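The opening position of the sequence shown corresponds to residue 13 in our numbering, with each subsequent residue numbered one higher.
Because the hints were derived from the structure by calculation, they are not lab data.
Be a bit skeptical, because a hint or two may be false.
Pairs of lysine-lysine residues, derived as DSSO-like cross-links and limited to a Cα-Cα distance of at most 27 Å, are as follows [to be verified]:
#: 1; residue 1: K398; residue 2: K254
#: 2; residue 1: K254; residue 2: K69
#: 3; residue 1: K399; residue 2: K254
Derived Cβ-Cβ restraints for the label pairs, each shown as a range [said to hold, decoys possible]:
#: 4; residue 1: K376; residue 2: G157; range: 40 to 46 Å
#: 5; residue 1: P61; residue 2: R334; range: 28 to 34 Å
#: 6; residue 1: A166; residue 2: K398; range: 43 to 49 Å
#: 7; residue 1: A120; residue 2: R70; range: 25 to 31 Å
These figures come from a predicted structure and were not determined experimentally.
The beta-carbon is built from N, C-alpha and C at its ideal position, and this holds for glycine as well.
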Amino acid sequence: MNAARPLSPPVSIPRHRSSLATAVLRALAIVALPFALAGCVDGEPQPTPEEVRATLKRLIPARVPDRPGWATDIQSALAAMEIEPSSQNLCSVLAVIEQESTYRVDPAVPGLGKIALGEIEARAARMHVPAFAVRAALRLESSNGESWESRIAAAKTEKQLSDLYEEMIASVPLGRRFLAKANPVRTGGPMQVSIAFAEAHARERTYPYAADGSIRREVFTRRGGVYFGIAHLLDYPASYPKPLFRFADFNAGHYASRNAAFQNAVSVAGGIKLDLDGDLLRGAKADGKDAIGATEAAVRRLAEPLGMTHEQIHRDLALGRRHAFERSDLYARVYAIADRRNGAPLPRATLPRIRLHSPKITRKLTTEWFATRVDGRYRNCMARAKKG
13 MNAARPLSPP VSIPRHRSSL ATAVLRALAI VALPFALAGC VDGEPQPTPE EVRATLKRLI
73 PARVPDRPGW ATDIQSALAA MEIEPSSQNL CSVLAVIEQE STYRVDPAVP GLGKIALGEI
133 EARAARMHVP AFAVRAALRL ESSNGESWES RIAAAKTEKQ LSDLYEEMIA SVPLGRRFLA
193 KANPVRTGGP MQVSIAFAEA HARERTYPYA ADGSIRREVF TRRGGVYFGI AHLLDYPASY
253 PKPLFRFADF NAGHYASRNA AFQNAVSVAG GIKLDLDGDL LRGAKADGKD AIGATEAAVR
313 RLAEPLGMTH EQIHRDLALG RRHAFERSDL YARVYAIADR RNGAPLPRAT LPRIRLHSPK
373 ITRKLTTEWF ATRVDGRYRN CMARAKKG
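I would like the entire structure built from these sequences, with the hints used as guidance.
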């Protein structure tokens, strides 16, 4: 099984002076290893697919239409990625679905049409396309006889809008110039998963269904939206003590909670206040050279006590979106200094402090708000699961 379960530690063999004793211990370890690995998989009888679906139907709120269909798609996704169908994982998935869409496959977005038209005008301006040309293009007749402008203004869901963009890109004279490969609909489906993430995941792991045209379109289906949403939530190793931090990562990016805690450790170690946003490295500048962000600059000031060069620091910070960062020299040495200065071990995970920005968001929301809301739904689900 995978994702939200830590791997068993490797078998360690103590050193002894006697080579015979060492050989015997090694032989025993080798013999015992298959049993240890089998315990990882078969320690407790795994529920059958039918049992998992039955549990899901019980945990999904009664008001939700087609609970069997939702249960089937969730169970199938977990099985395809070999993710354990534990109560914790099931409730984590259901909590995110409820928060993101209240179990609507293609949820409506208030004012979406107006937002979309504004995005088109803004992108055209960035591409130096005259405003009059954009307006003329939008007023052209589309395939159903209506203007593109009226159809976009009437769009209620992201799928409708995404499909319109794809059609418009292929039909409007200026479409390929300022819309090609830049469909502004970037999330979708019942878990509001990133389409870019879904496309990247499908390149790494075979998508288990026959795609209906493209991965983008699959995200807007229930099965695809659930599959890629679960992949983003659970299909990566993490050392978190509770699901709350995965919920934050779902919103802010993988390992954002771990990285925010690391930024806090850097602040403690060096006495420099940092924004705990989970972003360890800035992107490249216009000249192609790496920009030095606040976190990297703060760590560089610790280079001497860390015993690391700037190049070594940058190399380890570049692991920030991978589980391997926790095994890096930089991670261990920063926490060694920070824990000592703090007088006690610092947390290895904390909620990132990020203000959420999106044309769809009209209130002041943060990653902490999102994670806390999902966690409340998760706890309610776990309470139902315990009742049986």
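Hint by hint, here is what the structure shows:
no. : hint                     : verdict
1   : K398 to K254             : holds (17 Å)
2   : K254 to K69              : holds (24 Å)
3   : K399 to K254             : holds (21 Å)
4   : K376 to G157: 40 to 46 Å : holds (42 Å)
5   : P61 to R334: 28 to 34 Å  : holds (32 Å)
6   : A166 to K398: 43 to 49 Å : holds (46 Å)
7   : A120 to R70: 25 to 31 Å  : holds (28 Å)
Going down the numbered hints, you'll see the structure goes against none, and every one checks out.
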